[in-house]
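Q: Keeping their order, the protein sequence lines are chains A and B.
When the letters of the first sequence are read in order and numbered with my numbering, they come out as residues 1 to 283.
When the letters of the second sequence are read in order and numbered with my numbering, they come out as residues 1 to 223.
Errors might be hidden in some of the hints.
What the hints assert, rightly or not - Here are the simulated lysine-lysine pairs, DSS-like style, with alpha carbons at most 27 Å apart:
hint	chain 1	residue 1	chain 2	residue 2
1	A	LYS105	B	LYS128
2	B	LYS126	A	LYS105
3	B	LYS128	A	LYS70
4	B	LYS126	A	LYS178
5	A	LYS96	B	LYS128
6	A	LYS24	A	LYS70
7	B	LYS128	A	LYS102
8	A	LYS96	B	LYS141
9	B	LYS126	A	LYS147
10	A	LYS269	A	LYS235
11	B	LYS128	A	LYS69
12	A	LYS121	B	LYS141
13	A	LYS24	A	LYS8
14	B	LYS141	A	LYS59
15	A	LYS9	B	LYS39
16	B	LYS126	A	LYS110
17	A	LYS9	B	LYS115
18	B	LYS115	A	LYS102
19	B	LYS128	A	LYS8
20	A	LYS96	B	LYS11
21	A	LYS69	B	LYS126
Claimed, not checked - Facing chain A, from chain B, some residues (calculated, C-beta under 10 Å):
hint	residue
22	LYS39
23	PHE41
24	GLU119
Please keep in mind that the hints were generated in silico from the structure rather than gathered at the bench.
In this text, a Cβ means the ideal position worked out from N, Cα and C, and glycines have one as well.
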Amino acid sequence: MIEFKINKKLHGSNGLMDLDIYLKVKEGEFLALSGKSGAGKTTLLRVLAGLEEASGDIKVDGKIWLDSKKSLAVQKREIGFVFQDYALFENMSVEKNLLFVKDDKELASKLLGITELSELKNRLPNTLSGGQKQRVSLCRALMNRPKLLLMDEPLSALDTNMRTKLQQEILTLHKEFKTTTIMVSHDPSEIYRLASRVLVLENGKITDDGTPKEVLLKTSGSQKFSFEGELLEIKKVDVIYIAIIAIGQQLVEVVISADEARSLKVGNKVRVSTKAFNPSITQ
Amino acid sequence: MNYEPFILSFKLASLTAFILFIIGLPLAWYLSQTESKLKPFIESLTALPIVLPPSVLGFYILWALSANSPIGSFFQEYFGVKLVFSFTGLVVASSFYSLPFMVQPLQNGFESINKNMLEASYIAGKSKLQTIFLVALPNMKQSLITAIVITFAHTVGEFGVVLMVGGSIPGETKVASVAIYEMVEIMDYSAAHIYSAVMVGISFLVLLSVYIFNAKQNRKFGL
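Just chain A, same shape as in the assembly (with noise of 0.2 Å):
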């Protein structure tokens, strides 16, 4: 069980914000920090990890890391953290990575059997790749068997299969090691996919709290679908225009009404709806 309060002055996006966090984490919870850059997920972490200051109180099963008269040390909080740039040190190898946290062969190429890695565990971090790299950084990062897990986007800078993959695999290492973790994440599949439970944090406070159900799906009302996405451009062809929208990764066209051209702009955040017919899903 982890219960903190956290109180911390901030330069965010909009000028000076306070950082203003009260939050009890179930043993073993998968938790997702999501929100707007700027909203204080990583230094949330980072407080968290012993990485920054803050005034406020962190308990960690009845074990006080952070109250008014000390600070645990970063050193001595045996957490595990995954950076969002891996920050692998360049000159071990990958084992050595790993076993720089630990001196625990055993454990150390357990980790790299699950994530794939033995064949390489020689091998220099700069001669790895993007996704082989974040899977070294998770391996390390849960070298010390840590109680708390904490990851600062730590897929974003992979492309869509690799992240895919690698969410399956920290899944898997999440329930192997029985981690409580806390990842800042945008992506809501990813979050859908991992978390059992998300926060959403808005200018350093926390506006939503639920399953990824619950705070996730936008469908309400009489919808029988309905995406988020991004106008890019109306265009007029003969007496239509088609609206081109982005939606996640996808590229859609839709045909709207000379009213709906004048009153949309482009670049808003727009919603695709409809409720009129049975979609049918194919493969």
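With chain A fixed as given, assemble chain B onto it according to the hints.
A: Frame of chain A, contents of chain B only:
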């Protein structure tokens, strides 16, 4: 040919590089990590020997180390060491004079290291000292070699400060650069030619080895 001035030069340069590494390493680390408002002041002080005329530096060091000053008389009284016109004095003077050549490359090296890599080491439970020696320094070998070699080479090449603080006592303070100056003064051009050529040759070889090392490192890390 009398090799003594060269041996003296290299002895002085090795000692200076060694002392400055010990002083410069923590200073460079501090400067690379601090966000203190004092940083530009300390940086300016450290860089002063680059811009000051050697005579100014020499004059102050002479004044500070002489038997009439508190520092000079302290060393004279308690350690029986004379700091001016002695080899010890030369080491002290060189350590001031060459300080920026040690600190600046090391500071640049430390600053070039990904901060997350250092933090990952702290998270792995390693202290700052362990992080510096096991993570930071091995990842900035070029800066490390540059700092040590350039400090060494720069100390071999110094003249003004050495002359002012050390004079020209054979076997004690008469280093190669001072010896050449004297040869020219007494118009012994053939000896000056030989000494100068040796200096050029050695300096070139030292610099060449640094550049070759750096090029190899670049290839190794695919930069």
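Q: Does each hint fit the structure? Answer for all of them.
A: Hint-by-hint comparison with the structure:
With a C-alpha separation of about 25 Å, the suggested pairing of LYS105 of chain A with LYS128 of chain B holds against the 27 Å cut-off. Distance check on the hinted pair: LYS126 of chain B and LYS105 of chain A sit about 19 Å apart at the alpha-carbon level, within 27 Å; holds. Annotation: proposed proximity of LYS128 of chain B to LYS70 of chain A holds, straight-line Cα distance about 20 Å (limit 27 Å). Restraint check: the Cα-Cα separation between LYS126 of chain B and LYS178 of chain A comes to about 24 Å, which is no more than 27 Å; the hinted pair holds.
Restraint check for LYS96 of chain A and LYS128 of chain B: the C-alpha separation of about 19 Å stays at or below 27 Å, so the hint holds. Using a Cα cut-off of 27 Å, the hinted pair LYS24 of chain A and LYS70 of chain A holds, with the two alpha carbons roughly 21 Å apart. The hinted pair formed by LYS128 of chain B and LYS102 of chain A meets the criterion: a straight-line CA distance of about 17 Å does not exceed 27 Å. Taken as a hint, the LYS96 of chain A and LYS141 of chain B pair is honoured in the structure, with Cα atoms around 19 Å apart against an allowance of 27 Å.
A threshold of 27 Å between alpha carbons decides the hint, and for LYS126 of chain B with LYS147 of chain A the separation of about 18 Å falls inside it, so the pair holds. About 17 Å separates the Cα atoms of LYS269 of chain A and LYS235 of chain A, which keeps this hinted pair within 27 Å; it holds. As the CA atoms of LYS128 of chain B and LYS69 of chain A are separated by approximately 23 Å, the hinted pair is consistent with the 27 Å bound. Distance check on the hinted pair: LYS121 of chain A and LYS141 of chain B sit about 23 Å apart at the alpha-carbon level, within 27 Å; holds.
Taking the CA atoms of LYS24 of chain A and LYS8 of chain A, the gap is near 18 Å; set against the 27 Å cutoff, the hint holds. Restraint check for LYS141 of chain B and LYS59 of chain A: not satisfied, since their Cα atoms lie roughly 41 Å apart, outside the 27 Å limit. For the given pair, LYS9 of chain A sits about 24 Å from LYS39 of chain B by alpha-carbon distance, which is consistent with the 27 Å threshold. With a CA separation close to 23 Å, the supplied pair LYS126 of chain B and LYS110 of chain A stays within the 27 Å bound.
With a C-alpha separation of about 22 Å, the suggested pairing of LYS9 of chain A with LYS115 of chain B holds against the 27 Å cut-off. For the suggested pair LYS115 of chain B and LYS102 of chain A, the alpha carbons sit about 21 Å apart, so the restraint of at most 27 Å is met. At most 27 Å may separate the alpha-carbon atoms for a hinted pair to count; LYS128 of chain B and LYS8 of chain A meet this at roughly 25 Å. At most 27 Å may separate the alpha-carbon atoms for a hinted pair to count; LYS96 of chain A and LYS11 of chain B exceed this at roughly 39 Å.
Of the pairs offered as hints, the one joining LYS69 of chain A and LYS126 of chain B holds, with about 24 Å between alpha carbons and a cut-off of 27 Å not exceeded. Nearest Cβ of chain A to the Cβ of LYS39 of chain B: about 19 Å, over the 10 Å cut. The hint is violated. The criterion of a C-beta within 10 Å of any C-beta in chain A is not met by PHE41 of chain B, whose closest approach is roughly 24 Å, and the hint is violated. Contact between GLU119 of chain B and chain A, as hinted, is supported at the beta carbon level, the nearest pair being about 6 Å apart and thus within 10 Å.
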